[in-house]
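Visitor: In order, the protein sequences belong to chains A and B. Residues in the first sequence are numbered consecutively from 1, following UniProt numbering. Residues in the second sequence are numbered consecutively from 1, following UniProt numbering.
Keep in mind that the hints were calculated from the coordinates and are not lab data. Heads up, the beta-carbon is just placed ideally off N, CA and C, and yes, glycines get one too. Treat each hint with caution, since some may be false.
Stated by the list, open to error - Derived pair list, reagent style DSSO-like, types lysine-lysine, alpha-carbon separation capped at 30 Å: (1) B/K707 - A/K411; (2) A/K330 - A/K19; (3) A/K271 - B/K721; (4) B/K616 - A/K436; (5) A/K363 - B/K721; (6) B/K599 - A/K352; (7) B/K569 - B/K599.
Unchecked claim - So, partial list: chain B residues that the calculated Cβ filter (under 7 Å) puts toward chain A: (8) Y261; (9) T531; (10) H570; (11) Q573; (12) L576; (13) V594; (14) N619; (15) E620; (16) A622; (17) A623; (18) H653.
What the hints assert, rightly or not - Computed footprint of chain B on chain A; a stretch qualifies when at least three of its residues, placed anywhere within it, have a C-beta under 8 Å from a C-beta of chain B: (19) 89-99; (20) 200-208; (21) 422-436.
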Amino acid sequence: MAHTGRRDAPELPDFSLLKRLARDQLIYLLEQLPGKKDLFIDADLMSLLDRIANVTTLKQHEVDKLYKVELKPIVSTSDQLCFLIRPRIQTVKWIADIVNSDKASGRFRRYKIIFTPQKFYACETVLEEQGVYGDVTTDEWAFYLLPLDDDIISLELPEFFRDNFLEGDQRWVTTAGSALRLVYSLYGPFSKVYGIGRCAKMVYESWRDQVEDGEQKARQPEIGNVFLIDRDVDFVTPLCSQVVYEGLVDDIFRIKCGSVEFGPEVTSSDKSLKVMVNSQDKVFNEIRNEHFSNVFGFLSQKARNLQTAYDKRRGMDIQQMKTFVSEELKGLKQEHRLLSLHIGASECIMKKKTKQDFQELLKTEHSLLEGFEVRECISFIEEHINRQISMIDSLRLLCLLSITENGLLPKDYRSLKAQYLQSYGIEHLLTFANLKQIGLLVEQQPGETLTVMESKVGKLVNDKTAGKLTDAFSSLAKKSNFRALSKRLVLIPKSGEEYDLRVPRDMAYIFSGAYIPLSCKLIEQVLERDGWTGLEEVTRMLNGHEFAVTGGTNGTEARIKTDPQRIILVMFLGGCTYSEISALRFLGREKGYKFIVLTTAITNSARLLEALLDNHA
Amino acid sequence: MGYYCSFAALTCVYLQRHLLLTYLSLSLSLSLSLSLSLSLSLSLQWKSGVVKQLGWTVCDDLLCIQEDGTVLIYDLFGNFKRHFSMGNEVGQSQVVEAKVFHSPYGTGVAIVTGASRFTLATNIDDLKLRRLPEVPGLQGAPTCWAVLTQDRQSKVLVATGADLFILDYTSPPGLSPQATSIVHMCVSFSYKYLALFTDSGHLWMGTANLKEKLSEVETKVRNPPKQMAWCRRPKSQQPSVVIMWDGHILVAGECKNTISYHLEGVSILVPELDGVRIINGTHHELLQEVPASCEEIFKIASMAPGALLLEAHKEYEKESQKADEYLREIKEQNLLGEAVKQCVEAAGHELEAETQKTLLRAASFGKCFLSNFPPEPFVSMCRDLRVLNAVRDYTVGIPLTHTQFKQMTVQVLIDRLVYRKLYPLAIEICRYLKTPEYQGVSRVLKHWACCKVQQKEEADEVIARAISLKLGEAAGISYSEIATKAYECGRTELAIKLLEFEPRSGEQVPLLLKMKRSQLALSKAIESGDTDLVYTVVTYLKNEMNRGDFFMTLRNQPVALSLYRQFCKHQEQDTLKDLFNQDDDHQELGNFYVKASYKEKAQIGHLQSAVDEYNKAKNEFAAKATEEEMRLLRFQKKLEEEKGESLVGFSLHDTIRTLLAVGLHKHAEQLYKDFRVPDKRYWWLKLTALAEKEDWEEIEKFAKSKKSPIGYLPFVEICVKHHNKYEAKKYVSRVTPEQKVKAHLAVGDLEGAADAAIERRNDGEISTVLSRCSPSTDRALVERLNRAKATAAKK
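Chain A with its partners taken away, still in its complex shape (with noise of 0.2 Å):
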């Protein structure tokens, strides 16, 4: 990056060793069931697999053939059977069907379930209910975290968004403060948690149930501080756009695991090409924090001194010929690999996203994180939706203007949604009653009545139990107060003035200077007040469930900023976007800290919304 942040910023732990001990116990596991076998993997844990094991580790320890779940009858002749899922209802069904048409034609195989990271009872009730609980043997493989990059640790747990905050199901959860003790036992003790949330601060008290239980140790930390944010406290910014490099890659391309694969457009072969995008492709990693604008300048930056050092061979001897040969050209072409798919990859974008549509669309996005001319933008996403443009980008768009409108009128909200159902067809009745349900299309409510839901709801979360049980549908009552928070917190900066995208001042520059994500900015506010305080006015219009706890260890002497006290590992319940690891990154290089992600989930607007669209079973 052309910026140089400040040089104190403190080492990051080594997060390969979660790797190292997921294999391990895998390996423990196959071996549990000695002899050939077949190996189902569940199809969304397969590049998660590659990560961690590669086919020939497998086969070392005896898996035959390696099958994707598909829910299907399968054609397996081994006499061994393991199954490594998530923990499914209907992947344990389709298990259970297979166990029984065995039994009905006098087959006899062994059965071995892993679920991964936990088996839930509800899967082994279903075992029970089908008769086969007796036949198949079950373990757990404990696969909490799976670091993407240096300081990107995932869950790979897409389904935590919806489960959590559509269905109020909280089976996640416990998880969840698992893999945080993973975290703590390897790279603790903590010296101080925040959060906001109220699934964040479940996961907090099941952390801690869990450490209580275990013994407390005195070893110098390598993560000092913990935030934990849900999603639903910040969803204007996974809504909007993304415009830094590492997002638009995901936007358009998807970066599965923390791979990509790039097609023929790209390649400029007739080939795809899957590729890591990681800290370890070092062109990449100039250019992924960067806004867009400034990528094809960093390129051909890059391809001039390619070219030099290319060019330093005319004029060698034959002894520098044979160094440079030897040491640096194999580097350099490598270089030069990466260099000609990225800038592939940028053009593609290009092609994308300089269209005029993309231009008008990126305008109406700004001008209602604004709230300036929204009757205009009203319309853009009425022609959006006419027009049929894309489903996603116009439910996206509805979102956004709900909450920063802090709901639609009932007028619009009326038509848009019969608009859209003649574009897009019925189903999505259901989608947008989840929508609705989860507060993301909302239809304004005359004030009173919200105010009279919200002391209503407060005066029962007075009371621990009622909390509990009420908190689960508050999000009914939600309101987003996203213009009061944006003036408060400053999100918007002034417009008019002018934003050079290439030297940013502030987080803003991943929105092309037009918006400061909320949840960084939380988050950098929490970091400098060193707790709540100050903002209750913001947490308050954020539904509140904010907490700030020292740990326990060391808490009177953590007023010096020692190196792990700059490193903050933020959890993200519900998912978070490039963009937002992108803002933390600038942060961390303004302020002298060191961010690490921990996430249940990579997400973007696009994941998010398809999400709560309700056409999968």
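Knowing the structure of chain A, use the given hints to seat chain B on it.
Guide: The following block gives chain B in isolation, referenced to the frame of chain A:
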């Protein structure tokens, strides 16, 4: 039949016990009383069969072995615990003799029946009956027998006349020493040694495997002894046997000499780890080999370092200079450390507190002259002795020796105290010995609480408060265990009160379920945040309650409800519907039907149900939308039949587009009118559809049909998109002034764009046009633009 038997108290892990006199009368009423431990006495009215043998288990429970082979177990306070049988075949032949024995595997019972068959169980807590083989050539009852534990097996050693048999369940090798008839035998505490008494008055001592003979002593007493017991201490080189007849006992060792003591009254011998207890109606004596250290120190005219140190200290107390002389003597031999060690050790063996003190003082005195003597042995001995003296007190009645205490460990001592309900003492000892809380104080308190909840006379409130007050700060207390105990005693209310104190709500759930407090269990499970636990309760409730009640319960617990809904979504769709029905959740029901409609093909019926539900839910919007969908569906179906176009499942937009694409303009028009499609949408739709077909003529007609609600820029753009600039140019003139520049640029007419921009004097637009100019552009045009820009800026 007068029957006396006595039990030594509580000493060591394997052997034991209280002095307890048992009187079993012919009327079969049994009363037991502890004479040594005055604080404890028990009597119970015997109503069962004839008792053959009494014994104590390692857990201080009383075993009563009946003639019919039944064994009844009572606790220290005479409460019946359980019973088991030593086998069915015992029934007819009856138990003739029974023995209770102890081994590392627990307490065992061995019996011999009238048919001279032996049966034994090594551990009564894990009952496995072993019927031993018959003794070859045995007629009538065996003369005597004993139980041996060797090679991890329990065996029975039987004497019949002069023959000796070992019965185990593998093979019985017969072994026989030189004697005419064996009339009595006993096995040492460690099962290592065996002593045999013959009718000739000879005592044979040897190893229990009968391979080695230690000695043979002539006792000159011909009549069979009442009892025999080994008296030795661990590692001692001088094993000896105590033989008891009426009125006197005899101690015989390896040498030919024997020692004889007079005995008053009827007594009983109890062999123990480091000696023999001799117990009668009024006294309790301990007979043991004098420990080496005590012997060294207290032997007359002993010059052992310990003895000298004791002497030195005595002189020192008298303020005599002789103290120095004695000390010098020890120091010259470099034996002061040894002297201190001896004194500390001897103190441990002494039972009198005064002697203990004297010895310890001497040790402490000696320590002053040593620079690097480790303090631990001295300190821990002082501690141990304090504890031992406390439990030896007659009110407690546990006369342990130090060796036994060490073997037994503090843990077991605490257990024994807890069994006796001596909670305060147990707690004091824990605190004094600094036992970790969860092993010590907390454990005692838990036992106390478990006992407290059984006090029937006290009110629930009082007990709960008392328990919470006492247990308040103690670490590692499991209230759920105490509550379980209360529930077992039939005090459900108390159990619930106690559970309230349990900080981990997860721990409360299983008991609450057991007590059928399912509602409470559900809220506690939810509080614990453990969804698996919630689910367990939900499943339990589902099986336990009728459907209506079950749903009502869930309704009040949103967390459980959503969990169950998730489950039903995959497993039981119909239950889900019932659930919504029960809740009168018409909105969700409507959604349910909509979902069903696009999953299955019989759609209209489902949609009608959805409309009904939405109407009930007062969701007019959804009802209307669904009704329209039904209309659309009918239309699509009809058209499908008529024209063979596949339309079902398409949205309105897609349907119209398809119709336009295949040229069914009339039908498209109809939909446009029927569904009141916004003009803008229809224009966009038609324009795109026509452009797809490149039907330029139709587009032109369309453009002229009436004023375009979407303006004419889209016409321009769509033509350009399909690479038809010629057609595009036709519409440029009709574009509104605001969009003119854009339109000109779209068709690539820079000049036109420049004119339009300059005319409008719009700075931004002029810049846009300028940015599109390339070096090849006409210079004059660029200049014109720049000039216009300057004027525009001036304004």
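Visitor: Next, verify each hint and record whether it holds.
Guide: Status of each hint after checking the structure:
no., hint, verdict
1, B/K707 - A/K411, "26 Å, holds"
2, A/K330 - A/K19, "28 Å, holds"
3, A/K271 - B/K721, "29 Å, holds"
4, B/K616 - A/K436, "19 Å, holds"
5, A/K363 - B/K721, "23 Å, holds"
6, B/K599 - A/K352, "35 Å, violated"
7, B/K569 - B/K599, "14 Å, holds"
8, Y261, "57 Å, violated"
9, T531, "4 Å, holds"
10, H570, "4 Å, holds"
11, Q573, "10 Å, violated"
12, L576, "13 Å, violated"
13, V594, "6 Å, holds"
14, N619, "9 Å, violated"
15, E620, "9 Å, violated"
16, A622, "6 Å, holds"
17, A623, "10 Å, violated"
18, H653, "4 Å, holds"
19, 89-99, "holds (count 3)"
20, 200-208, "holds (count 3)"
21, 422-436, "holds (count 9)"
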